[in-house]
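If you're matching them up, the sequences are chains S, E, U and L in order. Position one of the first sequence corresponds to residue 19 (our numbering), numbered consecutively onward. Position one of the second sequence corresponds to residue 19 (our numbering), numbered consecutively onward. Position one of the third sequence corresponds to residue 19 (our numbering), numbered consecutively onward. Position one of the fourth sequence corresponds to residue 19 (our numbering), numbered consecutively onward.
The hints are simulated quantities; they were obtained by calculation from the structure and are not laboratory data. There may be inaccurate statements among the hints.
Identical chains share a label here; the pair holds if one copy fits it or two copies do between them.
[What the hints assert, rightly or not] Listed below are the simulated DSSO-like cross-link pairs for lysine-lysine, each with C-alpha atoms no more than 27 Å apart in a straight line:
1) 105 with 118
2) 192 with 105
3) 216 with 92
4) 192 with 216
5) 184 with 118
6) 105 with 120
7) 178 with 120
8) 218 with 92
9) 184 with 105
10) 120 with 184
11) 216 with 118
12) 105 with 92
Okay, here's what each chain looks like letter by letter:
There are 4 protein chains.
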Amino acid sequence: MIVVNFKTYPIDALSLARMCEEVAHQSGRKIVVCPQITDLWIGHEVRISVFAQHVDAMECGQSTGAITAESVKKAGGAGTLLNHSEKRMRIADIDFSVQKCKLLGLTTIVCANNASVSTALTSLQPDYIAIELPELIGGDVSVTTANPGIVSDTVTRIRKIDVSMKILCGAGIKSGRDVAKACELGCVGVLVASGVTKAKNPRAVLEDLVSGLL
Amino acid sequence: MIVVNFKTYPIDALSLARMCEEVAHQSGRKIVVCPQITDLWIGHEVRISVFAQHVDAMECGQSTGAITAESVKKAGGAGTLLNHSEKRMRIADIDFSVQKCKLLGLTTIVCANNASVSTALTSLQPDYIAIELPELIGGDVSVTTANPGIVSDTVTRIRKIDVSMKILCGAGIKSGRDVAKACELGCVGVLVASGVTKAKNPRAVLEDLVSGLL
Amino acid sequence: MIVVNFKTYPIDALSLARMCEEVAHQSGRKIVVCPQITDLWIGHEVRISVFAQHVDAMECGQSTGAITAESVKKAGGAGTLLNHSEKRMRIADIDFSVQKCKLLGLTTIVCANNASVSTALTSLQPDYIAIELPELIGGDVSVTTANPGIVSDTVTRIRKIDVSMKILCGAGIKSGRDVAKACELGCVGVLVASGVTKAKNPRAVLEDLVSGLL
Amino acid sequence: MIVVNFKTYPIDALSLARMCEEVAHQSGRKIVVCPQITDLWIGHEVRISVFAQHVDAMECGQSTGAITAESVKKAGGAGTLLNHSEKRMRIADIDFSVQKCKLLGLTTIVCANNASVSTALTSLQPDYIAIELPELIGGDVSVTTANPGIVSDTVTRIRKIDVSMKILCGAGIKSGRDVAKACELGCVGVLVASGVTKAKNPRAVLEDLVSGLL
Numbered sequence: 019m020i021v022v023n024f025k026t027y028p029i030d031a032l033s034l035a036r037m038c039e040e041v042a043h044q045s046g047r048k049i050v051v052c053p054q055i056t057d058l059w060i061g062h063e064v065r066i067s068v069f070a071q072h073v074d075a076m077e078c079g080q081s082t083g084a085i086t087a088e089s090v091k092k093a094g095g096a097g098t099l100l101n102h103s104e105k106r107m108r109i110a111d112i113d114f115s116v117q118k119c120k121l122l123g124l125t126t127i128v129c130a131n132n133a134s135v136s137t138a139l140t141s142l143q144p145d146y147i148a149i150e151l152p153e154l155i156g157g158d159v160s161v162t163t164a165n166p167g168i169v170s171d172t173v174t175r176i177r178k179i180d181v182s183m184k185i186l187c188g189a190g191i192k193s194g195r196d197v198a199k200a201c202e203l204g205c206v207g208v209l210v211a212s213g214v215t216k217a218k219n220p221r222a223v224l225e226d227l228v229s230g231l232l
Numbered sequence: 019m020i021v022v023n024f025k026t027y028p029i030d031a032l033s034l035a036r037m038c039e040e041v042a043h044q045s046g047r048k049i050v051v052c053p054q055i056t057d058l059w060i061g062h063e064v065r066i067s068v069f070a071q072h073v074d075a076m077e078c079g080q081s082t083g084a085i086t087a088e089s090v091k092k093a094g095g096a097g098t099l100l101n102h103s104e105k106r107m108r109i110a111d112i113d114f115s116v117q118k119c120k121l122l123g124l125t126t127i128v129c130a131n132n133a134s135v136s137t138a139l140t141s142l143q144p145d146y147i148a149i150e151l152p153e154l155i156g157g158d159v160s161v162t163t164a165n166p167g168i169v170s171d172t173v174t175r176i177r178k179i180d181v182s183m184k185i186l187c188g189a190g191i192k193s194g195r196d197v198a199k200a201c202e203l204g205c206v207g208v209l210v211a212s213g214v215t216k217a218k219n220p221r222a223v224l225e226d227l228v229s230g231l232l
Numbered sequence: 019m020i021v022v023n024f025k026t027y028p029i030d031a032l033s034l035a036r037m038c039e040e041v042a043h044q045s046g047r048k049i050v051v052c053p054q055i056t057d058l059w060i061g062h063e064v065r066i067s068v069f070a071q072h073v074d075a076m077e078c079g080q081s082t083g084a085i086t087a088e089s090v091k092k093a094g095g096a097g098t099l100l101n102h103s104e105k106r107m108r109i110a111d112i113d114f115s116v117q118k119c120k121l122l123g124l125t126t127i128v129c130a131n132n133a134s135v136s137t138a139l140t141s142l143q144p145d146y147i148a149i150e151l152p153e154l155i156g157g158d159v160s161v162t163t164a165n166p167g168i169v170s171d172t173v174t175r176i177r178k179i180d181v182s183m184k185i186l187c188g189a190g191i192k193s194g195r196d197v198a199k200a201c202e203l204g205c206v207g208v209l210v211a212s213g214v215t216k217a218k219n220p221r222a223v224l225e226d227l228v229s230g231l232l
Numbered sequence: 019m020i021v022v023n024f025k026t027y028p029i030d031a032l033s034l035a036r037m038c039e040e041v042a043h044q045s046g047r048k049i050v051v052c053p054q055i056t057d058l059w060i061g062h063e064v065r066i067s068v069f070a071q072h073v074d075a076m077e078c079g080q081s082t083g084a085i086t087a088e089s090v091k092k093a094g095g096a097g098t099l100l101n102h103s104e105k106r107m108r109i110a111d112i113d114f115s116v117q118k119c120k121l122l123g124l125t126t127i128v129c130a131n132n133a134s135v136s137t138a139l140t141s142l143q144p145d146y147i148a149i150e151l152p153e154l155i156g157g158d159v160s161v162t163t164a165n166p167g168i169v170s171d172t173v174t175r176i177r178k179i180d181v182s183m184k185i186l187c188g189a190g191i192k193s194g195r196d197v198a199k200a201c202e203l204g205c206v207g208v209l210v211a212s213g214v215t216k217a218k219n220p221r222a223v224l225e226d227l228v229s230g231l232l
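Okay, chain S solo, but in the shape it has when bound (with noise of 0.2 Å):
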């Protein structure tokens, strides 16, 4: 699976959505788009699941100014990504927004900054945990380069919790190649963003990725 998070960059959200679209049904691959919330009525338009970037953990009703789970699934929304290195959550209100989430049928994938945080979140089973491993954020990194006990501990640590954790690399992913390793070290597939989103030509950059997967 490949998750592209379309963050808040001025972009044309349904068309970004349609080529990942053409680029799951070529591929029989699935990939999940996560378009800002404003946008997530594309998820009636296209034939792959448009995700949320974030619901706050509060309840219908009092809560002015929000982004409820609800609105997120009536809007056309599948699922959510939650706690985002740029949108971190307190650790009960990520607990609360995935038992709603799961309550309402949408599918959940939480972002966790290292191994120890990996490991945490898995306690509260998600579907999926996207682990942003420190040393493959930045720089030259991937996880073809890196040292792969990196990944794979994380891996580790996170299956004894839970042996059939979904795990997500969300770091350190340039190419097909490093999906690949990836996949190898017991992932079942990648997040990314401004590397598709901001490509001069993001539908090579899918199909490559694409490819890596297993």
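Starting from the known structure of chain S, fit chains E, U and L onto it as the hints suggest.
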């Protein structure tokens, strides 16, 4: 002007906005609706102004999960509430958002919890200040039954900073008589929420409120 | 172990700590006190452990207004509470603070609001987890009168992650019998607050609690 | 007046405060020091004013981990910074804290990040506004070398709200000449931090700054 905050109640935002649109056209008065962020697209469907309930003080790009002013504008929003009592903001962030909205042509209604804060926020030059005076929150007190000095003193303090600031009464509004009283005391309109959205007959309540406008 | 959280009540922290010290010495049991941050210096005056109520996840230096772990240690603190229900933290920040405290030799007690979060936080390897189970908060329910499965199930889940994690019961403790029951169910002690600090006779309450320790 | 913010640098707060005390007495000028919250007790040891760096907008009692204004006063504090750039606050909370400090007899210095926010915060009637103008932050620009209009325009805007508001210059101060210039432009003093605390010879730097006071 009547501003109706839909909060995050599980309602059919388009139906409610269409009703508001009808009352606006029949009465010739201005009504603004503030649906949840995922319902902001109704701004393309109705001929009254649709505002967001909040925007984050973030630039576009590396701000996963944020509600940017740019996305609000693109989605069909004509403005936004800021600093609502259920979504309090840091003052540097209110300033940032007011300035950003100004550049984008979005109207800002900044909420304030008492006379001092109302006066302070006036210096940030939003389009409207919505005053939520503590003496008018909860209980059975309304603008009509309360000491009129509570509202008029706040209006006077705001006017000393900016003689033409447009003021909305954001608490103590239960009927058209309260709207009329608020206008008499210097407000140009009101900000209401559950009084309309949770009413058995929202249209009747809204028509009554509108009847109080000067 | 009995941990007494002084919260921010306007009390004479040194007198209260001295009383706790006396009860600790008479009973031979361990009592920890958590005064306000400005009272942490009492750690130099009493021979029981004095903990902070919170530390911010900030490095020393450019962090005006923060409570750093380093300052807690220097001021006489032997440890700290983290993620108290009145001061919830982001999980990345709890992880940061637990690691920092470990390096500095400060003991950490991480609070958790239910069984899932308790289990998750165990993976961050603090010294203690204080479980504040929702079924035991407020009302007349105590550990003794509640379904014992509520506590023992949580203990079991935590033990699956870390068989030797030390668990404190942070809710439903009103008497020595509750302390005894909590210990019987797998806890090594309790975390209490107003039950002691606001009691007419704090010493009598504390002596009763201590009598329940195994 | 010179206000020295110690931030959270690992320094000997009492020694540094004593040095400031000596310079204050030799020069006959007012110097205020702002140590970390755990060092606030030095207020009982020196005969210059000691301020906190921040207080939380919380009442005493059920606010574990908070820094209350009451605790600052009891610990020896004579006042506090509020809304420092490293600890930004919501406007409702700044208002709450300013009012609470006023009741307790604590002096407030509210920091502001630009001319608009400075003007707004003046309406909350703190004792001082510390202006941190963006044009003066970082780089080699100081009050002396910058366009004087940057400071004087802000002073003028503040004076329109409150003709007697005391203004501190919180950025662009590197020498006594800058202090003199800031005073010439309408400030009553300056707020400095690492310029003094991290200097090789803090006393020499402080004596130079003091020499610029009118």
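Status of the hints after comparison with the structure:
1. 105 with 118: both (18 Å within a copy, 21 Å between copies)
2. 192 with 105: Close inside one copy (23 Å), not across copies (36 Å); limit 27 Å.
3. 216 with 92: For residue 216 and residue 92, only the inter-copy Cα distance (20 Å) is at most 27 Å; the intra-copy one is 29 Å.
4. 192 with 216: within (13 Å within a copy, 42 Å between copies)
5. 184 with 118: Only inside one copy: residue 184 and residue 118 sit 19 Å apart there, 30 Å across copies, limit 27 Å.
6. 105 with 120: both (20 Å within a copy, 26 Å between copies)
7. 178 with 120: Close inside one copy (23 Å) and across copies (23 Å); limit 27 Å.
8. 218 with 92: For residue 218 and residue 92, the Cα distance is within 27 Å only across copies (23 Å; inside one copy 34 Å).
9. 184 with 105: within (22 Å within a copy, 31 Å between copies)
10. 120 with 184: within (16 Å within a copy, 31 Å between copies)
11. 216 with 118: between (33 Å within a copy, 24 Å between copies)
12. 105 with 92: both (22 Å within a copy, 22 Å between copies)
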